[in-house]
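Novice: Letter by letter, the chains look like this.
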Amino acid sequence: MDRMIEILKGLHPEVDFESCNTLIENKILDSFDIVSLISEISDEYDVVIPAVEIIPENFNSAKALYELVERLLEDE
Amino acid sequence: MQRNILEYLEYTVQRVPNKIAYANEVTGISFQEVHDSARAIGTFLNELGLYKEPIVVFMGKHPKAIVTFYGVVYGGNYYVPIDEEMPRHRIELIFKSLNPKVIICDENTSKIVDSFDYQGKVYQYEDICKTKVKEDAILEIRRKAIDTDPIYIVFTSGSTGVPKGVVACHRSVIDYIESLSEVLRFNEDTIFGNQTPLYVDACLKELYPTLKYGATTYLIPKSLFMFPIKLVEFLNENKINTVCWVVSALTMISAFGVLDQIVPAYLHTVAFGSEVFPIKQFNLWKKYLPNARFINLYGPTEATGMSCYFEVEREFELNEVIPIGRAFQNTEIILLNDQKQIPKMGEVGEICIRGTSLTMGYYKSFDITKEVFIQNPLNDAYPELIYCTGDLGKYNEREELIFVSRKDYQIKHMGHRIELGEIEVVINTMDEIKSACCIFDETKKKIVLYYVGNVTPGEVAIFLKEKLPRYMVPNVIEAIETMPLTSNGKINRVLLKEKYTNK
Chain A
1 MDRMIEILKG LHPEVDFESC NTLIENKILD SFDIVSLISE ISDEYDVVIP AVEIIPENFN
61 SAKALYELVE RLLEDE
Chain B
1 MQRNILEYLE YTVQRVPNKI AYANEVTGIS FQEVHDSARA IGTFLNELGL YKEPIVVFMG
61 KHPKAIVTFY GVVYGGNYYV PIDEEMPRHR IELIFKSLNP KVIICDENTS KIVDSFDYQG
121 KVYQYEDICK TKVKEDAILE IRRKAIDTDP IYIVFTSGST GVPKGVVACH RSVIDYIESL
181 SEVLRFNEDT IFGNQTPLYV DACLKELYPT LKYGATTYLI PKSLFMFPIK LVEFLNENKI
241 NTVCWVVSAL TMISAFGVLD QIVPAYLHTV AFGSEVFPIK QFNLWKKYLP NARFINLYGP
301 TEATGMSCYF EVEREFELNE VIPIGRAFQN TEIILLNDQK QIPKMGEVGE ICIRGTSLTM
361 GYYKSFDITK EVFIQNPLND AYPELIYCTG DLGKYNEREE LIFVSRKDYQ IKHMGHRIEL
421 GEIEVVINTM DEIKSACCIF DETKKKIVLY YVGNVTPGEV AIFLKEKLPR YMVPNVIEAI
481 ETMPLTSNGK INRVLLKEKY TNK
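These protein sequences, in sequence, are chains A and B. With this note's numbering applied, the first sequence corresponds to residues 1 to 76, in that order. With this note's numbering applied, the second sequence corresponds to residues 1 to 503, in that order.
A hint or two may mislead.
With a straight-line Cα cutoff of 16 Å, these simulated EDC-like cross-link-like pairs (lysine to aspartate or glutamate) come out [said to hold, decoys possible]:
# : chain 1 : residue 1 : chain 2 : residue 2
1 : A       : 27        : B       : 466
2 : B       : 465       : A       : 14
3 : B       : 444       : A       : 33
Hints listed in this document are in silico derivations from the structure and should not be mistaken for laboratory results.
Could you put together the complete structure from these sequences and hints?
Specialist: Pasting the structure below:
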């Protein structure tokens, strides 16, 4: 989870990713961030995020992203 | 001869009054409504005594904003599109440069305008779009109009930290729309899916051909460009067959394997530009849409939209670059070397543009205009302007024009033209900053900011987000102890770039 927060902080150092769960609704993340996140997550955790998982619910918080990665790792 | 862009609308409204012209995910407006509301707004502005004035249109991305553009033109004025996504500081600079007498808003943006130190009048769309149309006034404005009168001002990044307002006229827009439509083969059945914001000239590609042919444009919600499957579903639901997008919007679909799952089934014309299309991604598109036409476009705002095109009809190697091809009809590309001479075939020169598509120049900036809109050095017989783009190009062995790079520190990022210098000017206004330098990582497409100063990267990010559009805020912000300098005492960009690459 710490690593996920690190990655997110790299994009927006000023955001409190521990608590924020409206990253999409409040337009904190934009399309560029999503693209960067997907590539950094796949490098860091060695998982591929499939297109069907690129949906708002999975990107709304650090926790949601982390759970997505855990789920993908288990499925492997 | 057509002299005014509104003639497109007047012709089409006779033919297909009830067809939807512009729509978004919830609503659409017909050509009749566009025509009626635009003339109402034109009448309203005329009654205020405004003529040949810049009118700021500060509205969300909505069909009503487009109607307002035309309303401004009906009144004999020119529109200046501003968007709520622009940071306060940039809007303030634009207001300062224009000193606009009138701003037209929607419900949301009028609250934002209230928070600015702005002395002029503010009107809401809903209050003025029902004004009773004065036919004679509208006709009289048109009778007096000539085709070199301005139609809009759009602002682009300037290296001094102040955005520059590019003034385009009816003649240059008509010239562009006619040439572009011929190449892309728009017609009445064209259904556009617009991606680009309304405050840049890129949206001309959809807005005016829609009027010309009685086509339809869907404004795609920005949020869909984060979630590619939903985006393709939107294209299919609305039977969108033509897109003119920045490359990053297309690659976001292909790179995530979306085309494996769902294909934009109606798409037959894909125009792209503003960035290099990685061939690997391009080939994916070609594979899933084997019958679609793919056209690379290139051009600066200063020459009205796009100036060059290349239809991709052959295979490209992974390390090749898709050419920008050749100039549109009625436009000439002249390559010039440092001696202002045409370089030898295959050698690099600055891309300069000659033709009716040239805009009028920068608003209230005669000196900056003269630096780049210059007398054609190949013509010593009579006055003739060319625009020097600052882009370097060359011809390949097939005599196709290739974009090589920029002459200066300007970059293309997310389809936007950015002066790295503008970012530096802004960051240097922060009290704690002693020195700062931006570089661009071409491969990862990231803007990297190095600074010296007693302040955290997070604080720098907050500061920059207030002053700069989102796409200009550096993607990597890093503090360093000292700034490396060249022997001349300038910041050593090359060294910084090496430092970054070797990290």
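Novice: Does the alpha-carbon distance linking residue 444 of chain B and residue 33 of chain A stay inside the 16 Å limit?
Specialist: Distance of about 13 Å is within 16 Å: holds.
Novice: Keeping to a limit of 16 Å between CA atoms, is the pair of residue 465 of chain B and residue 14 of chain A held or broken?
Specialist: Roughly 10 Å between the alpha carbons, so the hint for residue 465 of chain B and residue 14 of chain A holds.
Novice: For a C-alpha distance cap of 16 Å, please report whether residue 27 of chain A and residue 466 of chain B respect it.
Specialist: Distance ~15 Å between residue 27 of chain A and residue 466 of chain B Cα, so the pair holds.
Taken one by one, the earlier hints all hold for this structure without exception.
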